[in-house]
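Engineer: Sequence:
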Amino acid sequence: MKMNRGLTPLAAILMLSGAVVLSGCDDKSQQSAQKSAPEVGVVTLKAAPVNMTTELPGRTSAYRVAEVRPQVSGIILKRNFVEGTDIKAGESLYQIDPAPYQATYNSAVGDLAKAQANARIAQVTLNRYKPLLGTKYISQQDYDTAAATLAQNNAAVRSAQAAVENALINLAYTKVSSPISGRIGKTAVTEGALVQNGQTTALATVQQLDPLYVDLTQSSDDFMRLRNQLSSGELTQGKGKAPVTIVLNDGTTLKQKGTLEFSDVTVDQTTGSITLRAIVPNPDHSLLPGMFVRARVEEGVNQNALLVPQQAIARTPTGQATAMVVNAEDKVDVRQVTAQEAIGDKWLVTSGLKAGDRVISVGVQRAAQGAKVSPKEVSADQKDDAASTQSE
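Those letters in the sequence shown? Residues -22 to -1, 1 to 370, per mature numbering (1 follows the signal peptide of the UniProt record, and there is no 0), in order.
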C-alpha cells in the first residue's frame, strides 16, 4: 500500500497555528526587552559663565590703633572721656597738672625778653661806633668787639626763642589728646596718678572701627591655582579690586561688601598658607576687632563653567568622583570626573564631561555601565527621590 506524502488538512492547520504562536512569542520578547530598559532622568550640560568665589577664614582687626601715652611727666588732674565711647581726633582725654610747665614757659618768655634787650643795646652800640671807625675816637678793636657782642646777643635771642617754643610745646602736652577718631577702651590710670614721659604702659587705646581690616588665610596651593587660572584665561576678573562678602559665625551676611587690598608675598613655613587682607565698611560697628569671620572672595568669572547636579555625582570607595552619561545609543557610560567645588546645589566639574553630555541625575540607582536606558530630560533642580516616586 503506498503512503500519501502530501499534508493532510489537519496537519496544515497545526503547522499554521504553531507559526502564529512563535510569532507572538517573538513580539512579546521584543516588548519585554523594551520594557526592561529603565527610565532615567538626564540633564544636558550647557557651558555658562559663573562667578567663582572662595570662602576663607579670617579675623578682624582695627583699621588704625593708637596707644595713648604721655609726652610729659606729671600728675593726672582729670579724665575727660567715658570708657567705650566714640571720640574724635584732637579730643582731650586727660589733663596733666600744667603748673610747672606754665612756670617754665613764663621763665622762658622772660629770658627771651632779656636776650632781646641785650641785642638791642648791642645794635645801638655798633651803630654809634660805625661812623667813628677810622678816626681817633674809636679803634678797630673796639668796633670789632661791638660787632661780636651784637652777634652773640642775636644768637642768645634765637636760643631764647627756641626755649619759649619748647616750653610752649611741653605746656600743650599737658593736655593729652586723641591722635585719631575711633572708639576708646578702658583707662589704665585715674585722677591723681603720676605718669611719666616715655612710659611703656599706655594710658588708653583708641581703635578706628570703620572701616575694618579682615586678615584672611589661603593655602599656597589654592593661591597658585587661582593665579594659573587667571593667567591662562580660564578665569577673568573685572576692573577694580575683588569684592569680599563677610559671613559671621551665626551665618549672618553683612550688607556692606569689602574689597581685597593685598596678598602677602611670603608663605608661612608652618602652615603653608599666605595672608590676604580685605577692607570692609563697618558703619554700624557690627564687627569688632578680634572676631572670627568667614569671607567670600570673588575670584573671577569662569566663562565656560559646567555645573552638574550634586545627585548626579557619585564617589567610589577611593573617593574618585564619577558621573553616568547616556551616549547616542542610549547606553550608560560611567566616567571619572573632577568635581572642583560645590556651588549651591551643584558641582563645578572641570574635567571628564563636556557641554552637550547627557548626565543621569534621576534614577541613578537603576543604571549601570553599558546598560541600555530610556532617557528623559528633566530639570537640573529636580531631585532624585521625587522622580523615583513619580515613576513608581
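I should point out that these hints are in silico values taken from the structure, not numbers from a laboratory.
As the structure is a computational prediction, the values presented were derived from the model and not from experiment.
Please note: incorrect hints may appear among the correct ones.
Unchecked claim - In silico lysine-lysine, DSSO-like type, Cα no more than 27 Å apart, as pairs:
1) K354 to K235
2) K354 to K219
3) K66 to K56
4) K354 to K24
Claimed, not checked - Pair ranges (Cβ atoms, derived):
5) Q281 to T179: 27 to 33 Å
6) D200 to M269: 20 to 26 Å
7) S155 to D242: 55 to 61 Å
The beta carbon of each residue, even a glycine, is placed where N, CA and C say it ideally should be.
Engineer: Give a verdict on every hint.
Structural biologist: These are the hints, each one checked on the structure:
1. K354 to K235: Violated, because 42 Å separates the two Cα atoms, which is more than 27 Å.
2. K354 to K219: 44 Å, violated
3. K66 to K56: Given pair K66, K56 holds - Cα atoms ~18 Å apart, limit 27 Å.
4. K354 to K24: 17 Å, holds
5. Q281 to T179: 27 to 33 Å: Violated, at about 57 Å.
6. D200 to M269: 20 to 26 Å: 23 Å, holds
7. S155 to D242: 55 to 61 Å: Check failed, 35 Å falls outside 55 to 61 Å.
Going down the numbered hints, you'll see the structure goes against 1, 2, 5, 7, while the others check out.
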